[in-house]
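Novice: Chain by chain, the residues run as shown.
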Amino acid sequence: MNRHVKINSARTLAQAHFRTLRLGTPFQPRIDALALTNDWYNWAGYRAPHSLWDEELEYFAIRSQAALFDISPMTKYRIEGPDAEAYLDRVTLRDVTRLKPGRVHYTAWCDDEGFVLDDGTLFRLSPTRFRLCSQERHLPWLLDSAIGYEVSVEEETEAVAGLALQGPTSFAILRHAGFAGVERLKIFDLAEFAHDGAAVTISRTGFTGDLGYELFVPADNALSLWDRLMAAGELRGIRAIGYTALNGARLEAGLIVANADFTTAEHAIRADRLRMPDEIGLGFMIDPDKGHFNGRRAIFEARAKKKLRHVLVGLEIEGNIPAEHAIVYCKKSREVGLVSAAMWSPMAKRNVAIASLQRPYGDTVVDDLWVEIYAMRELQYQKLMKRAKVVPRPFIKLDRRTANPPADF
Amino acid sequence: MTSSNLNWDAIVIGGGHNGLVAAATLAKSGRKVLLLEAGNEVGGAARTEEFAPGFRVSSVAHLLNRLHPDVVKTLELERHGLKIERGDFVPSVALSKDGPLVLHGAYGEALTGASPSEQSAWRDLRAQLLRYAGVLKPFLSRRPPDLAGMSLAEMTGLGQTALALKKLGKEDMRDFLRILLMNVYDLLDEQLSDDRLKGLLAFDATLGSHLGPRSPTSLLGLYYRLAGEIGGLAGAQIQPKGGMGAVVAAIRSAAEKAGVSIRQASPVANVIVETGRVVGVLTQDGEALRAKSVVSAINPATTILDLVGPREVDTGFMRKVKNIRMKGDAAKLHLALDRPPQFAGVDDAGHEGRLVIAPSPDHVERAFNPSKYGAFSPEPVMEITLPSLADPSLAPSGACVLSAVVQYAPYALREGWAAGKPRFLEAIMAQLEAYAPGIGATVRHAELLTPADLEARYRMPGGHWHHGELQADQMLMSRPVSGWSGYDTPLEGLFLAGAGSHPGGGISGAPGLNAARRIIAMRA
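Top line first, the protein sequences correspond to chains A and B. Position one of the first sequence corresponds to residue 1 (my numbering), numbered consecutively onward. Position one of the second sequence corresponds to residue 1 (my numbering), numbered consecutively onward.
Careful: at least some of the hints might be erroneous.
Mimicking EDC-like on lysine to aspartate or glutamate, the simulated pairs with C-alpha atoms at most 20 Å apart in a straight line are [said to hold, decoys possible]: (1) B:Lys320 <-> A:Glu80; (2) B:Lys322 <-> A:Asp368; (3) A:Lys305 <-> B:Asp146; (4) A:Lys290 <-> B:Glu274; (5) B:Lys320 <-> A:Glu113; (6) A:Lys305 <-> B:Glu492.
Derived Cβ-Cβ restraints for the label pairs, each shown as a range [to be verified]: (7) B:Gln284 <-> A:Pro140: 56 to 66 Å; (8) B:Met173 <-> A:Glu154: 33 to 43 Å; (9) A:Ser126 <-> B:Ser151: 30 to 40 Å; (10) A:Gly24 <-> B:Tyr373: 41 to 51 Å; (11) A:Thr128 <-> B:Glu274: 18 to 28 Å.
If you're looking for bench data, these hints aren't it; they were derived computationally from the structure. None of the values given here were measured: they were computed from a predicted structure. Every residue, glycine too, gets a C-beta built ideally from N, C-alpha and C.
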């Protein structure tokens, strides 16, 4: 048989999201009702809030109460079949054979040249069923990768609604909402719970570095889940939040965002914007003892030939002015990189940033680094040259994130 | 001694002529080489086979016009029974209702049957085409330029090409660049006026491709043909005595002399990969054979998709391999005839040559049109040989073998070849009858090999004799796929050496030779 299978219209149909210019999520009626600021942005084709009422108070809801964040726009794939494990082991960087059913891990995947296509979380729902969550859409890549494997790959972004419930009282809310057994979930565990005649998958995961959970539910049961959590959370300070607050929390946790802290390979237009895992702090995912995976040859060749040209670092910057998108200098003169995310961290009480530097700066040369901050002050830039120090990520470490059992309130 | 205990330096998969050339070349360099052929005999698409009692024929390739001189020299094929003499060159006859036109010698050193002005125009065009094909010719015996990292030798090679271009002179160089990607139809219209000559050239340019004369870049096919040589003369052609199997027999003899172990009826189940490195093969009988290098001289897609499988290669590479276009558009016809046919107006020498039914470039284009939409040509074009005239051993006494390559016969025929084959044979026979009246009544047996048959019988996916369309986007550094054109693959220790690799198909041995040279150079 000749193997020239033409790409069929089924693929087009499976990616109909672009036909609606700005989709609403299954939680939209609730979010719209709470959106006092009407501060929307486009998250992967969905209408998503930057903030709902006050971004600073929303941030503190994450750290002091419980924050409810709609993650439905996150791209989700259902990957199922006897070869699902082998398939994902070939597609993604980390060793999937070591991911047990009922567990989640953070991973990334690369093209043939070893450049990162995206990062995301992989949920092992059963020995043969997975959910892969990511920033960008990847259906053609995932389907082409499935050639030769007994596995099905389905886009389920629209069919499955997602919520992140993050913050110190998040466990208490779930418990009081009646999710019996949720106290048994350790960090990166997942389990299914009954809800409204359907099943909700709850995992102890999140993007905040705090105690928190993520909940996935069929879109039809989304609103009742929202209401259930809001009711249980009323006395525990639950607040719906927008992305600005979450973005601050994730930066404190030292987590990176695709197409914010690095450019994904399929989006990069300029050849020098492509990044290997080692260049964005994801080198730890690569296991030399694991079998073949996409990009393996290129990644090990780059390591052996010392072809890695960039490094992603955490910076601590003097002062309290956020250095967002500031240029990083060595000896105040030589341009060596760029800050991709920055904030004054209320938790760390430090001025922190994530930056991409050109090696050897940030790698073997870490002294005498500076950032140039352009602070706009009433239609005039105040240029500040501030000393920067390479520091480890995360910038904050909260014991409650991993505490067992989690605190009840 | 069981050979599984042996460690081979190289295992060559596929005993087609390229596999044999690669194996022989590697063995001559002192390597211990095992060649595994899936079929019951070696030769691949270059065999002489009996298709009717007492009738034998070159089963796919039937004319020798590009066996690379380096192959002949490296393997000392003349010492192994390959004889090529100038007297063996056969003419090309353009058949036409207006009487035939004949290209004599090496691709029309002399032209008969045309007007004096056309003869003069042909002299000029022939010289020009050979000059330009000559610029490209050195590429045949080299790795394609490696864009990622070129060695000094490769740079020098490219430099020589630049120099050859420069040596053409300013006007000629400009014209070379102007016409390089032209379609053959328009170029012929610029320079010639005789439809018979133009039809023949249009046919040759598109032979074996899914292209019509008016398709962009169709001139490249003619360059490919003219970059080939035999007996030291570009464009020449011979009908090997004993059929193409005799050429393979000479290569096989050279391989065995060099110490190659050949195992027939030994299909490979898969290539064995250990931590990113190919270390051997597993035969379908379940025997694991280990080697330092594995050289696959079969189809590149079969090699990667079936023998290696997706688990050991990257998605992007798989995608590229899957996207290699290889849907054949040519069929092969074998007729067992009671007596030699008489093509109208053709002399004895012509009958021993190559007879082409392609009376005009428009005719070729019209024959091509239906194939774009999954239908065969109702009035197909074809090249015909009568090999038993020069070699009576191929047919019973007094009888005759006819061998023809017929276009266009799309692999994915809409009605399916089960239904289409008898109807296509009818269309072919109607054409033959028009040029050789009475031939139909003398047919004792007819064997028509559609691309579907070629695929099944010769393990050529898509029934494509080049193992991948030979068009601009699948040539040089894009053959078999971009990024991996230098005979190596993303898998260390695995090499590709078949027609699917640069420079392409035809009985040249060049891919096999180049691949072997690459392996030798890497380990040197």
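Novice: Next step is simple, just say for each hint if it's right about the structure.
Specialist: Now for the hints, and whether the structure bears them out:
{"no.": "1", "hint": "B:Lys320 <-> A:Glu80", "verdict": "violated, 25 Å"}
{"no.": "2", "hint": "B:Lys322 <-> A:Asp368", "verdict": "violated, 51 Å"}
{"no.": "3", "hint": "A:Lys305 <-> B:Asp146", "verdict": "holds, 19 Å"}
{"no.": "4", "hint": "A:Lys290 <-> B:Glu274", "verdict": "holds, 11 Å"}
{"no.": "5", "hint": "B:Lys320 <-> A:Glu113", "verdict": "holds, 14 Å"}
{"no.": "6", "hint": "A:Lys305 <-> B:Glu492", "verdict": "holds, 17 Å"}
{"no.": "7", "hint": "B:Gln284 <-> A:Pro140: 56 to 66 Å", "verdict": "violated, 34 Å"}
{"no.": "8", "hint": "B:Met173 <-> A:Glu154: 33 to 43 Å", "verdict": "violated, 56 Å"}
{"no.": "9", "hint": "A:Ser126 <-> B:Ser151: 30 to 40 Å", "verdict": "violated, 52 Å"}
{"no.": "10", "hint": "A:Gly24 <-> B:Tyr373: 41 to 51 Å", "verdict": "holds, 45 Å"}
{"no.": "11", "hint": "A:Thr128 <-> B:Glu274: 18 to 28 Å", "verdict": "holds, 27 Å"}
Hint check: violations occur at hints 1, 2, 7, 8 and 9; the rest are consistent with the structure.
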